[in-house]
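Make a model of the complete structure from these sequences and hints.
Each residue of the sequence shown is one higher than the last, beginning at 1 in full-length UniProt numbering.
For the record, the hints were derived by calculation from the structure and aren't laboratory data. One thing to keep in mind: the hints can contain errors.
[Claimed, not checked] What follows is a set of in silico ranges between Cβ atoms, one per label pair, in the way DEER data are often shown:
id, residue 1, residue 2, range
1, Arg-83, Arg-15, 16 to 24 Å
2, Gly-27, Glu-63, 31 to 39 Å
3, Arg-44, Ser-68, 17 to 25 Å
4, Ala-58, Glu-17, 30 to 38 Å
5, Ala-58, Glu-86, 30 to 38 Å
6, Leu-57, Arg-29, 32 to 40 Å
7, Gly-27, Pro-62, 27 to 35 Å
8, Arg-36, Ala-13, 14 to 22 Å
9, Pro-64, Ala-11, 16 to 24 Å
10, Leu-22, Glu-71, 13 to 21 Å
11, Ala-58, Pro-84, 16 to 24 Å
12, Pro-10, Pro-50, 30 to 38 Å
Quick reminder that beta carbons are idealized off the backbone N, C-alpha and C, glycines included.
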Amino acid sequence: MLDEPWTLSPAVALRPEPFGALAYHFGNRKLSFLKRPELVTVVRGLGDQPDVRAALLAAGVPEPQHASYVEALRGLAATDMIRPRETAPQNAPQTAGAPA
1 MLDEPWTLSP
11 AVALRPEPFG
21 ALAYHFGNRK
31 LSFLKRPELV
41 TVVRGLGDQP
51 DVRAALLAAG
61 VPEPQHASYV
71 EALRGLAATD
81 MIRPRETAPQ
91 NAPQTAGAPA
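Here it is, written out as structure tokens:
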């Protein structure tokens, strides 16, 4: 998972809370508690980074803590809160054009 691109599911809304955030999936009606503000930063940043490792580093998560964050992300993936991304990061410029 660390070297794979992931993103927040488009059906998920994050609501900020003092402890972190609530994640609600409008499709499957699941609710998850993100109990650390750093985890919220990682989840929000997934779509802007090339992979999970880069999102963790961008959020300032120390490498010795990566395994526990990956465990939390796997839990979010199991309920479709986050999903694999097969495209470029969301903020990367997209090239479009038809072959000649």
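### Message
Checking each numbered hint in turn, tell me which of them this model violates, lowest number first.
### Response
Hints 4, 5, 9 and 12 are the ones this structure does not satisfy, whereas the remaining hints hold.
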